[in-house]
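The primary structure of each chain is shown beneath.
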Amino acid sequence: MPLLLLVVAALLAAAPLVLPVFVLTLLTEALILGLFAMSLDLMVGYTRLISFGHAAAYGLGAYGAGYILLHSATPLPLAILAASLFAGVVAVGVAWVCTMATGVSFSMLTLAFAQLLFAIAFKWTSVTGASDGLAGIPRRAGPFGLTVFETKVGYYELALFCLGVAYVFCRALVNAPFGAVLRGIRENEAKMLSLGYNTRLYKIAVVAISFALGGLAGALYSPFAGFANTDLVYWLFSGQVLIMVIVGGQGTLLGPILGAAFFMLVQQVLSKWTESWALFFGLIFIGFVMFAPEGIWGLLSRWRVRA
Amino acid sequence: MALLELHGLTKRYGGLLAVNDVSFNVESGEVRAVIGPNGAGKTSLFHLITGVVPPTAGEVRFEGRSLSGLSPYRICQTGLSRTFQLTSLFPEMTARENCRTAAQARLAGRWRPWGGRSVFAEASRRGDAALERLGLTEMASRPAGLLSHGDQRLLEVAMALSQQPRVLLLDEPTQGLSVEETATAVETLAGLLADGSLTVLLVEHDMEVVFRLAKRITVLHRGAVIADDTPEAVKANQSVQDAYLGGYH
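If you read the protein sequences in the order shown, they are chains A and B.
First residue of the first sequence? That's 1 in my numbering, and the numbers climb one at a time after it.
First residue of the second sequence? That's 1 in my numbering, and the numbers climb one at a time after it.
Simulated from the structure, these hints should not be mistaken for laboratory data.
Treat the hints with care, as some may be off.
Just the calculated beta-carbon pair ranges, DEER-fashion [what the hints assert, rightly or not]:
| # | chain 1 | residue 1 | chain 2 | residue 2 | range |
| --- | --- | --- | --- | --- | --- |
| 1 | A | A13 | B | T78 | 48 to 54 Å |
| 2 | A | G239 | B | A121 | 40 to 46 Å |
| 3 | B | A121 | A | F144 | 40 to 46 Å |
| 4 | B | T78 | A | G103 | 28 to 34 Å |
| 5 | B | R222 | A | A190 | 24 to 30 Å |
| 6 | A | L5 | B | A108 | 30 to 36 Å |
| 7 | B | G8 | A | G239 | 52 to 58 Å |
Computed footprint of chain B on chain A, listed as stretches where at least three residues anywhere in the stretch have a Cβ under 8 Å from a Cβ of chain B [as the list claims (entries may be wrong)]:
| # | stretch |
| --- | --- |
| 8 | 174 to 181 |
| 9 | 197 to 206 |
Quick reminder that beta carbons are idealized off the backbone N, C-alpha and C, glycines included.
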């Protein structure tokens, strides 16, 4: 399995040699969305913390990186890193409030918080540009005079690198004692409390990590697209990433990455045919929930076992 | 000094006095049962000891230290491990993983975000030892949710035992078991308690279970202690007969 992963990673890294630029652009976006979906999987798949407001993480990263790049001379990689940390730090406060509740109430609080951020992004003209958003976000060169990220290929490799590092980090996390605690919380939080685990602290930690990685995805997106707008914090996007996680296969890390790629593919293909492509994607989603609740990853592993 | 001390523990819910001025000690190595008819306040008493609900008055002391104001997870960390009246475990994990997760809670590296092979190894060692003491070794690799109800009850005891607690609190360990399952479970528990190394506080309403396992019995009636004695003396006690055992025979 790790060998197969390395081969896939090597193929992806070599892809710019053969793929045309417009495909590479789509692939870059798919990698960024994959990172975003994987970050949510830590909460949804591993801890059963269903967030209806994960766009908040993406938005914090996207606006954060955009603001830094527009208002300072910070090189691109550092701006992305700083925005990711910013999202993680804000998440500690968010999680502190949201984890006062559990179950559906927790989900509603995450939604409320994301909508609050949406309102701020919409109103705070001097910082967020209100309904215009932030435009003309540069991919500033450096550090050490590095200009490679200014190119489409360089940016693709940067996104791939971030996804790879984030994946290795997440895999180590869920396999460590910390991950075992998350699984316990997922299955029976009351029991974890009575066993002596301060479950709320673990939940706050996992939300912060999830937001930092989701923020990393957002921070990669805004310099890539050149803009950040309120769509990136909107509840619709929170719902879409949740669908990517479920369709891809929650609790598998790799599944949600595939889910994000699948989402983009379907969107690309269907939107050529019809404007109401979301309707058809909704049907696909319902189909997965009813007939393959373990998602694309589950289908693939079932097929592997049979083969 | 007693290991666990209850001093005038009282819990009032509006007009209902669920637990009324209960005081008793649990000595190290003692197996004590708290009995009483349904609604006598047994489970409320457990909730007070484990910090699930705060007492209206009185306090619990463990190894001489007051547990007042500590949250349930902190109380567990001091060395009190409990089981629940309604089976509570991790159904999708194997029996071994259930015990490993329980044991991990007592290890310094329980939160480590990477690596942790030594943490898992030590937790598994403690967990496997507990499984063996409860005769569950053969079930170790089965998902807990697929075990028989009797084995699930014992698995919950094994999880508590994996934590190497100073005091083990068992809330009706044979609850919901058939007569045959109860007999098996009681023999297993009796074997576990035989060497006197464990300190146990047991809540139970099945008298046969209580008389087989406990060396001391506290009888609750409407939240208050009406007897605190050896099993033989409790059996002979007239007020206990009237309040409880009378209805039992």
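Status of each hint after checking the structure:
{"no.": "1", "hint": "A13/A with T78/B: 48 to 54 Å", "in the structure": "52 Å, holds"}
{"no.": "2", "hint": "G239/A with A121/B: 40 to 46 Å", "in the structure": "42 Å, holds"}
{"no.": "3", "hint": "A121/B with F144/A: 40 to 46 Å", "in the structure": "43 Å, holds"}
{"no.": "4", "hint": "T78/B with G103/A: 28 to 34 Å", "in the structure": "29 Å, holds"}
{"no.": "5", "hint": "R222/B with A190/A: 24 to 30 Å", "in the structure": "28 Å, holds"}
{"no.": "6", "hint": "L5/A with A108/B: 30 to 36 Å", "in the structure": "33 Å, holds"}
{"no.": "7", "hint": "G8/B with G239/A: 52 to 58 Å", "in the structure": "54 Å, holds"}
{"no.": "8", "hint": "174 to 181", "in the structure": "holds (count 5)"}
{"no.": "9", "hint": "197 to 206", "in the structure": "holds (count 4)"}
This entry satisfies every hint, going by the numbered hints stated previously.
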